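Letter by letter, the chains look like this.
2 protein chains.
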Amino acid sequence: MYRSLLLAAVCATAALAQAPRREPAVNDTLQSPEVSSDHRVTFRVFAPRASEVTLTGDWLGSTPTPKLSKDERGVWSVTLGPFEPSIYIYSFNVDGVAIPDPVNPRIKLRARTSASMVEVKDDTPAFWEARDVPHGAVEINWEKSKAIGGETRAIWIYTPPDYAKTTRRYPVLYLLHGSNDTAAGWTMAGNANFVLDNLLADGKAQPMIVAMPFGHATPFGVPVPQGGVTNDALFEEYLLKDAIPTVESRYRVSPGHENRAIAGLSMGGGQSLRIGLGHLDLFSAVASFSGAVPADFETRFAALLQDAKGTNQKIKTLFIGCGQQDSIFGRSKNLSELLTKYQVRHTFHPIDGVHNYTVWRKYLAEYAPLLFR
Amino acid sequence: MYRSLLLAAVCATAALAQAPRREPAVNDTLQSPEVSSDHRVTFRVFAPRASEVTLTGDWLGSTPTPKLSKDERGVWSVTLGPFEPSIYIYSFNVDGVAIPDPVNPRIKLRARTSASMVEVKDDTPAFWEARDVPHGAVEINWEKSKAIGGETRAIWIYTPPDYAKTTRRYPVLYLLHGSNDTAAGWTMAGNANFVLDNLLADGKAQPMIVAMPFGHATPFGVPVPQGGVTNDALFEEYLLKDAIPTVESRYRVSPGHENRAIAGLSMGGGQSLRIGLGHLDLFSAVASFSGAVPADFETRFAALLQDAKGTNQKIKTLFIGCGQQDSIFGRSKNLSELLTKYQVRHTFHPIDGVHNYTVWRKYLAEYAPLLFR
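Residue numbers (the working numbering), protein chains in the order written: chain A, 1 to 373; chain B, 1 to 373.
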């Protein structure tokens, strides 16, 4: 036994000696991001030949972009924080090339570029973490779209934990993502499924289906040609002609506008306002989180604003939220003031925060309990 | 009208003049990868300050790694191919940093590092493409694991198109991924859902559920401590104690080993052999695609090999496949020879190909029709 072990060791050494010299595999063992118990995060990237590495993240107070410093192995690093518990999106910039963290498996998928995510946790699970409660599932449904040239598109759909165990019908929240995000965003960065699981376990929300379609109907990053259909117009057609019929044919859905809500973040907030308020026969609840409020809101919805009494009867919940440090905070604030001027009932709830999922998770957890009561 | 347009133009110009000079936004419009109609692919990356950029891909004949050349904008590019239609995985290496393609949204998620994917199509949709046929769904299920320290883990589960429309029970194929892959791999790179949809539409396979668990039970890339439980042993415990019970409690599953199959690629091929052949009371069909065949197969399965007649009665389908240009082809070939020597009935089907999803998609399409007949 000892003899064969010795032989094996000799052979292995011989094999190593013969093998071509390999650069030290720093990346094989590099840890990034590393979250310490005091909520500080160390970001590291192995880039031995780079002359400058910076970091961009979506946490509060992330500017100016910190520069990283390089050690003798060629690993650039910086420690930031402490951070409020959340999931943050970040990317490195190595000599002008923006990249996700090469060794972090947790990728923020995007419509064009990609980034990485880091999760900062407390000892007690937060409202957006997987707690030891029954979990709903998120189902990816593919369907050929009539509205968008026969393209096969995916909708991500959350069903509550009891969905498969009952024969009942459920109301549906259509939950829209922002620009340069994907149908996976609300699940993989927003943890919408765990937010709902936790609300349900705590008896704070009605069981509901959450349908998360892909909000880019025209190719992202490609300018719409002169006179062409805008993304918002084409997405509206897609949602009404493809996504909603798909959801309603595949799932046990309660009928009627009282069982349909629409909410979205950023670009999706603008889409929610446009589509939701434009179709109060279909939706009874509308929300905009940090929304790209349509610039023409007052003229577009003149009839709705003029008839505030009728509008207030049709809309059960109109919710507007935005982080106060968000660069587009003014758009939500102005919308609330406009609605107040016309006496349209709504909730405007600014909170501390920037344009990120930290804010949007909070709004989802605040908004979902208001629905379908 | 003309006046206000003119004013707007003047104001826009003034705003531009005042804005800080911005580097030309090459990345905003850069196209990569670009697939031409003759199946050649151009890969591009904007890295103006880099001194060397290379490309690695999993296509046949991908070595030696091609070097890219740089144009006057700082865009490095290379055109390769023509390629056989498939979805290939590739990454750039910019001055020693391996990165996914910064502008390609299609990311290959991995257990540690990430890469990009490029799809090369023919005019006629291939067996792994979304055709205009009924689509099944892929559901992400989260469950707290008893075997793996209370960790909440995801299983991706394909249900056939008719699942929600019937009350029948379905057999289950457990489909395992390879090393440094994730539970999303067989769906997002393997197109397992579309492969099954197409087989079903063509009447070539029985409707089945396909359960795709996460094959890394110990942290990927972290060596197992001396005397610690190996990944394969812990994954087996997880599959038997967590994953299968989760699937069988959440879905309408046909009972009995005749309705359970297990298959996997690479590391997952080794796991399939270990777990499947080790539990013929649970599984009646086992497959290894380009498998990491256990080195101790002959001693580990001595009883099974010695009793070939009994073994042949228990196993309905034992399938071994591997690409002939795969560096671990010998392991599958040797396994087939061993099984032949002991007269254990099996199918060994080598095909042209390397260690990639091009091969594994083909094997899934070949193997699934053999099941549950």
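Since the hints were derived computationally from the structure, they do not count as laboratory data. Treat the hints with care, since some could be wrong.
Listed below are the simulated EDC-like cross-link pairs for lysine to aspartate or glutamate, each with C-alpha atoms no more than 16 Å apart in a straight line [what the hints assert, rightly or not]: (1) B:K241 <-> B:E151; (2) A:K146 <-> B:E151; (3) B:K121 <-> A:E151; (4) A:K144 <-> B:D132; (5) B:K70 <-> B:E84.
Chain A residues, not near chain B, derived (Cβ > 12 Å throughout) [to be verified]: (6) P85; (7) E129; (8) V222; (9) F297; (10) Q343; (11) T347; (12) D352.
All figures in this text were calculated on a predicted structure; none of them were measured in a lab. For each residue, glycine too, the CB sits at the ideal point set by N, CA and C.
Given as non-interface: A:F297, partner chain B, CB spacing beyond 12 Å: Holds: least Cβ distance 20 Å, greater than 12 Å.
Check on A:V222 being off the interface with chain B, judged by Cβ distance over 12 Å: violated, 8 Å
12 Å Cβ clearance of A:P85 from chain B: holds, 17 Å
Non-interface claim for A:Q343 versus chain B (Cβ beyond 12 Å): holds, 32 Å
Hint consistency between B:K121 and A:E151 [alpha-carbon to alpha-carbon, up to 16 Å]: Distance ~15 Å between B:K121 and A:E151 Cα, so the pair holds.
Pair hint outcome, A:K144 versus B:D132 [Cα-Cα no greater than 16 Å]: The given pair, whose Cα atoms are some 7 Å apart, holds under the 16 Å limit.
Beyond 12 Å from each Cβ of chain B, as asserted for A:E129: violated, 9 Å
Given hint B:E84 paired with B:K70 - CA-CA distance at most 16 Å: violated, 27 Å
Outside-interface status for A:D352 - nearest CB in chain B farther than 12 Å: holds, 29 Å
Given pair status - B:E151, A:K146, alpha carbons within 16 Å: violated, 41 Å
Non-interface label on A:T347, tested against every C-beta of chain B at 12 Å: Non-interface label stands for A:T347: nearest chain B Cβ at 31 Å, farther than 12 Å.
Restraint status (C-alpha distance of B:K241 to B:E151 at most 16 Å): holds, 14 Å
Against the hints set out earlier in the document, violations occur for numbers 2, 5, 7 and 8.
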